[in-house]
Each structure stands twice: as C-alpha cells, then as structure tokens.
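Participant: Residue-level listing of the chains:
There are 2 protein chains.
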Amino acid sequence: MARTTGSHAGITGPKVRQTALKLFAQDGYAAVSMRRIAGQVGVQAGALYNYTPDKQSLLFELMRDHMTDLLDQPVEDGDGPPLEQLERFVSFHIRYHADRPDEVFIAYMELRNLTPENFAEIEKLRRQYEDRLEAILRRGVEAGDFGVADPKIVTLAIIAMLTGVNTWFREGGRLSLDEVVAQYWDMVRKAVAADRR
Amino acid sequence: MARTTGSHAGITGPKVRQTALKLFAQDGYAAVSMRRIAGQVGVQAGALYNYTPDKQSLLFELMRDHMTDLLDQPVEDGDGPPLEQLERFVSFHIRYHADRPDEVFIAYMELRNLTPENFAEIEKLRRQYEDRLEAILRRGVEAGDFGVADPKIVTLAIIAMLTGVNTWFREGGRLSLDEVVAQYWDMVRKAVAADRR
Numbered sequence: 000m001a002r003t004t005g006s007h008a009g010i011t012g013p014k015v016r017q018t019a020l021k022l023f024a025q026d027g028y029a030a031v032s033m034r035r036i037a038g039q040v041g042v043q044a045g046a047l048y049n050y051t052p053d054k055q056s057l058l059f060e061l062m063r064d065h066m067t068d069l070l071d072q073p074v075e076d077g078d079g080p081p082l083e084q085l086e087r088f089v090s091f092h093i094r095y096h097a098d099r100p101d102e103v104f105i106a107y108m109e110l111r112n113l114t115p116e117n118f119a120e121i122e123k124l125r126r127q128y129e130d131r132l133e134a135i136l137r138r139g140v141e142a143g144d145f146g147v148a149d150p151k152i153v154t155l156a157i158i159a160m161l162t163g164v165n166t167w168f169r170e171g172g173r174l175s176l177d178e179v180v181a182q183y184w185d186m187v188r189k190a191v192a193a194d195r196r
Numbered sequence: 000m001a002r003t004t005g006s007h008a009g010i011t012g013p014k015v016r017q018t019a020l021k022l023f024a025q026d027g028y029a030a031v032s033m034r035r036i037a038g039q040v041g042v043q044a045g046a047l048y049n050y051t052p053d054k055q056s057l058l059f060e061l062m063r064d065h066m067t068d069l070l071d072q073p074v075e076d077g078d079g080p081p082l083e084q085l086e087r088f089v090s091f092h093i094r095y096h097a098d099r100p101d102e103v104f105i106a107y108m109e110l111r112n113l114t115p116e117n118f119a120e121i122e123k124l125r126r127q128y129e130d131r132l133e134a135i136l137r138r139g140v141e142a143g144d145f146g147v148a149d150p151k152i153v154t155l156a157i158i159a160m161l162t163g164v165n166t167w168f169r170e171g172g173r174l175s176l177d178e179v180v181a182q183y184w185d186m187v188r189k190a191v192a193a194d195r196r
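Protein sequence lines, in the order shown, are assigned to chains D and C. Here the first sequence stands for residues 0 to 196, where the numbers follow numbering that gives the first Met the number 0. Here the second sequence stands for residues 0 to 196, where the numbers follow numbering that gives the first Met the number 0.
The hints are simulated quantities; they were obtained by calculation from the structure and are not laboratory data. Check before you lean on any hint, since a few could be wrong.
If several chains are the same, the list does not tell them apart, and a pair holds so long as it fits within one copy or across any two.
Under the rule of at most 20 angstroms between Cα atoms (straight-line distance), these lysine to aspartate or glutamate pairs were calculated in the EDC-like manner [unchecked claim]:
(1) 151 / 178
(2) 189 / 101
(3) 14 / 149
(4) 14 / 102
Please build the complete structure, drawing on both the sequences and the hints.
Facilitator: What follows is the structure, encoded as structure tokens:
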C-alpha cells in the first residue's frame with residue numbers, strides 16, 4: 000500500500016486529524032500515543048509535529064472544528080413561526096450528528112481530557128449552539144405557541160434526546176432516518192406545546 | 000498512610016472495583032493497566048488476580064453489576080394508571096443515574112471495549128430495563144392515555160433525555176434535583192400525551 004510520507008502537507012494534515020479522530024474514538028485519548036498516530040498516518044513520529052504542536056492541540060482542534068462546523072451550518076435564520084424554526088432545528092440536529100458518530104462520541108467522552116482553557120473554549124461554543132435552540136423556544140413562548148417553563152432546561156433535554164439517536168440508529172435498520180426524524184419531531188412538538196390538561 | 004495488603008478479601012475486592020471504576024472513568028479502559036489499579040489499591044500487581052481474572056472481567060463486572068443493581072430496584076410494579084407508572088419511572092431514572100455518574104459514563108463509553116460475548120450480555124440487560132419503560136408506554140396506549148406511535152423509539156428517546164441530566168446537573172446549582180425531575184416529568188408527560196392538535 001502506498002504511503003503518504005509527510006511531504007504533502009495538504010494531504011497529510013487532514014490525514015493526521017482523521018487518524019487521530021478514529022483512534023481517539025476507538026481507544027480513548029489517554030491510550031493513544033503520538034507515535035501510534037504517526038505510524039498509522041505513515042510518517043515518522045517527529046514529522047507529526049509539523050502538523051500539530053502536541054496531542055492536546057490535536058484533541059482540542061478536533062473538538063473545536065466539530066463545534067465551529069456545526070455553528071457554520073445555515074440551519075436557522077429566525078424566519079417563520081417558532082414551530083417551523085423548531086422543526087428545522089430538530090431535523091438538522093439529528094441528521095448532522097448521525098453523519099458524524101466519531102466526532103459526537105469524542106465531543107462527549109473527551110471533555111475530561113481537555114486542559115481547563117481548552118475546556119472553557121469548547122464549552123463556550125457548545126453554549127452558542129444551545130443558545131440557538133433556547134432562542135427558538137423563547138420566541139415560541141413569547142408568541143404563546145409553546146408552554147415551556149424553563150427554556151434552558153428544555154434546551155438541554157431536547158439536545159440530549161436528539162443526540163441520543165447516535166447510540167442506536169443504524170442505516171438500513173427498521174426505520175429510515177426520515178422516519179426517525181418524524182418520530183422525534185412528534186415528541187419534541189408535543190413536549191414544548193402549551194399545556195391543555 | 001495505611002495499606003490494605005490484599006489479605007482482607009472482603010475489603011480489597013470492593014476497593015479493586017471502586018478503583019477500577021474511578022480510573023476507567025477518568026482515563027478510559029484502554030489507558031488503564033492492571034499494574035496501575037494494583038498500585039492505587041495498594042497491592043502487588045500479581046495479587047490483583049486474586050480478585051479478578053483480567054481487566055476485561057473487571058470492566059464487564061462493573062457494567063453488569065450497574066445494570067443488575069438497576070434492574071433490582073423496586074421501581075415499577077405495574078400498579079396504578081400508566082401515567083403514574085411513567086411518572087415513577089422518570090423520577091426514579093433521573094435520581095438513580097444522577098447518583099452514579101462514573102457508572103453511567105462507563106456504561107456508555109466503554110461498550111466498545113467489551114468482548115462480543117460480554118457486549119451481548121450487557122445489551123440484554125439494557126434491553127430488559129428499556130422493556131420496562133416500553134411496557135408502561137404500551138399499557139398507556141392500550142388505555143388510550145398515551146399517543147405514542149412507536150413505543151420502542153419513544154423509550155429510547157426518553158431514556159436518552161433523562162440520562163442526559165448527568166452531563167450538566169450539579170448539586171448546589173440553580174435547580175434542585177426535585178425541580179429537575181419536575182421539569183423533565185412535564186416534558187415527558189406532554190411528549191407521550193394523546194395528540195389534541
């Protein structure tokens with residue numbers, strides 16, 4: 000098998016990150032050495048430092064880029080009724096995360112291995128994303144469409160529920176992703192509805 | 000500091016398991032050696048094998064016991080209206096898991112490190128627990144109290160939502176655990192309600 004030998008930064012850089020992502024997801028950050036990443040990429044251990052200053056930076060960049068890519072998605076423009084905004088958010092969130100199982104797994108699992116500064120940075124980005132959903136919920140409450148006592152808590156609950164699809168969904172299983180999205184949307188729609196007991 | 004030297008199996012056995020739990024949760028299964036566990040317990044590496052045949056057994060037993068303890072809890076006797084059964088389940092699930100953050104973290108994170116046989120065993124136990132919630136939902140649907148199209152999916156969604164409390168709840172924070180339970184119950188109650196659009 001041909002080896003990329005580190006002379007092509009444009010190829011090797013992404014390969015370093017993909018390899019680190021795969022190994023971190025498989026064995027955990029603490030168990031993966033820079034030497035092992037280098038070996039799988041096909042470069043000398045020393046050459047790896049042309050692409051990243053250290054393992055912590057590699058982890059941080061993977062987690063940061065996962066969050067900034069997420070925040071860059073043009074999902075929600077605040078247009079239309081809050082219920083439609085919420086439906087778009089739910090559909091987007093499930094599909095986006097189902098496509099990136101390793102990134103999602105690491106985003107949750109490896110928070111413990113970030114330095115305090117890096118942790119704070121990731122938390123800030125995560126909160127920015129949560130704030131988008133919270134803003135939709137607040138607009139719906141103001142419009143009288145939603146019955147949500149604590150939009151912050153409902154935000155966290157909805158995100159956990161939607162991301163949980165990753166723990167069981169398999170392409171080609173009993174339900175298509177479209178069907179899954181429809182089922183979850185039905186739950187979310189009802190969970191935030193104004194109460195009519 | 001006094002050392003337990005392995006001569007007291009009744010003390011050292013649980014200490015081995017608690018130490019392994021803490022280290023696995025902190026650094027991940029793959030990064031933790033039996034030697035390191037022995038060092039923290041205060042026994043020779045060789046003595047550890049009096050308590051467990053190997054690291055895989057240690058992981059499996061931690062995950063299995065977490066599930067069997069969970070299944071042993073007298074939470075749901077099938078008595079009363081389905082809505083009340085569901086409320087008891089929600090309250091129990093949040094409180095039980097909030098009390099065991101390391102066990103819950105490992106139960107999710109380390110599934111990938113179980114042998115196929117051990118994985119199948121843990122999955123069986125997990126499904127038994129999920130089946131309890133699913134049974135409540137089915138009883139509610141039969142009684143006409145719940146509007147749930149796919150009880151299996153709603154089960155997984157509710158469990159992910161409730162367990163997600165562990166990722167953000169801190170004792171002494173803005174909300175007490177009682178308040179958190181009340182908020183989540185409100186969402187679950189509405190999410191499974193018969194539709195009245």
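Participant: All hints are to be evaluated individually against the structure, with a verdict given for each.
Facilitator: Right, here's what the structure says about each hint:
For the homomeric pair residue 151 and residue 178, the shortest alpha-carbon distance between copies (13 angstroms) is at most 20 angstroms, but the shortest distance inside one copy (27 angstroms) is not. Neither within a single protomer nor between protomers do residue 189 and residue 101 lie at most 20 angstroms apart by alpha-carbon distance, with minima of 31 angstroms and 32 angstroms respectively. For the identical chains of this complex, residue 14 and residue 149 are neighbours neither inside a copy (43 angstroms) nor across copies (41 angstroms), given an alpha-carbon limit of 20 angstroms. Within a single copy, residue 14 and residue 102 get their C-alpha atoms as close as 15 angstroms, which meets the 20 angstroms cut-off; across copies the closest is 34 angstroms, which misses it.
In the structure shown, a violation is registered for the earlier hints numbered 2 and 3, in ascending order.
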